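The whole structure should be built from the sequences, with the hints applied where relevant.
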Amino acid sequence: CDRRFLNEHRLRLHKFRMHRGPNPNVCSLCHASFQNDSKLRQHEARYHFKLLEWQCQLCDYNAPSKWDFKQHQIMHGGQRNYTCELCGHSSKTSSSLAVHRRTHDKPRL
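FYI, in this note's numbering the residues of the sequence shown are 1 to 109.
Calculated directly from the structure, the hints in this document are not laboratory data. On a predicted model such as this, the values are computed, not experimentally measured, just so you know. Glycine residues also receive a C-beta, built at the ideal position from the N, C-alpha and C atoms. Misleading hints may appear alongside valid ones.
[Said to hold, decoys possible] Have a look at the derived ranges for each label pair, beta carbon to beta carbon: (1) M18 with D60: 38 to 48 Å; (2) L6 with H72: 17 to 27 Å; (3) Q42 with R10: 14 to 24 Å; (4) P22 with Y47: 14 to 24 Å; (5) L11 with T83: 49 to 59 Å; (6) S90 with S28: 40 to 50 Å; (7) F16 with N81: 39 to 49 Å; (8) G77 with R46: 52 to 62 Å.
[As the list claims (entries may be wrong)] Derived DSSO-like pairs (lysine-lysine); straight-line CA-CA distance at most 27 Å: (9) K92 with K70; (10) K15 with K39; (11) K39 with K70; (12) K66 with K39.
Take a look at the structure:
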């Protein structure tokens, strides 16, 4: 291939996409691979390079983003705003309610 690129990353990306070369979007710490560079950077920020900007004052949790920090703060609150319409079980987050709802789908022995 005679293509030329401005930098090494673009060349590796081209080799990966066009010539089935090694994936250039691989985490150097845990070796997870990603479809694109932005997903790799998001992974690194979330799991490896957390800033202390979103440190919880109530526990040792350090959130990778403002959104994650707000979701975490809900766990410290006492409000349970999500209620199962089948049994009345209440949860602090919509995701924990979704997990609970799956218990109604399982056959009982």
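Checklist line | Range agreement (Cβ of R46 with Cβ of G77, hint 52 to 62 Å) | finding: Since G77 and R46 have Cβ atoms about 23 Å apart, the given range 52 to 62 Å is violated.
Notebook entry, point to check: Holds or violated: 14 to 24 Å for the Cβ distance of P22 and Y47?
Noted result: holds (21 Å)
Notebook entry, point to check: Does the structure keep K15 and K39 at a Cα separation of 27 Å or less?
Noted result: Roughly 19 Å separates the two Cα atoms, so the pair holds.
Check: Is the distance from the Cβ of Q42 to the Cβ of R10 consistent with 14 to 24 Å?
Finding: holds (20 Å)
Check: Within a Cα-Cα threshold of 27 Å, do K92 and K70 meet the stated pairing?
Finding: holds (12 Å)
Margin query: Tell me if the beta carbons of M18 and D60 are separated by a distance inside 38 to 48 Å.
Written below: 46 Å Cβ-Cβ, so the 38 to 48 Å window holds.
Item checked: Beta-carbon spacing of L11 to T83 - inside the hinted bounds 49 to 59 Å or not -> holds (55 Å)
Notebook entry, point to check: Is the hinted pair K39 and K70 satisfied, with a Cα-Cα distance of at most 27 Å?
Noted result: Roughly 22 Å between the alpha carbons, so the hint for K39 and K70 holds.
Next item on the list: Take the C-beta atom of L6 and the C-beta atom of H72, compute their distance, and say whether it sits inside 17 to 27 Å.
Entry: Violated - the Cβ-Cβ distance for L6 and H72, about 41 Å, lies outside 17 to 27 Å.
Next item on the list: State, for the Cβ atoms of F16 and N81, whether the hinted interval 39 to 49 Å holds or is violated.
Entry: Once the Cβ atoms are compared, 45 Å apart, the range 39 to 49 Å for N81 and F16 holds.
Checklist line | Consistency of beta-carbon spacing, S28 to S90, with hint 40 to 50 Å | finding: Roughly 43 Å apart at Cβ, these two residues keep to the hinted range, so it holds.
Next item on the list: Sort out whether K39 lies within 27 Å of K66, counting only the CA atoms.
Entry: Given that 27 Å is the threshold and the Cα spacing comes to 18 Å, the pair holds.
In summary, the structure is inconsistent with hints 2, 8 from the numbered list given earlier, while agreeing with the others.
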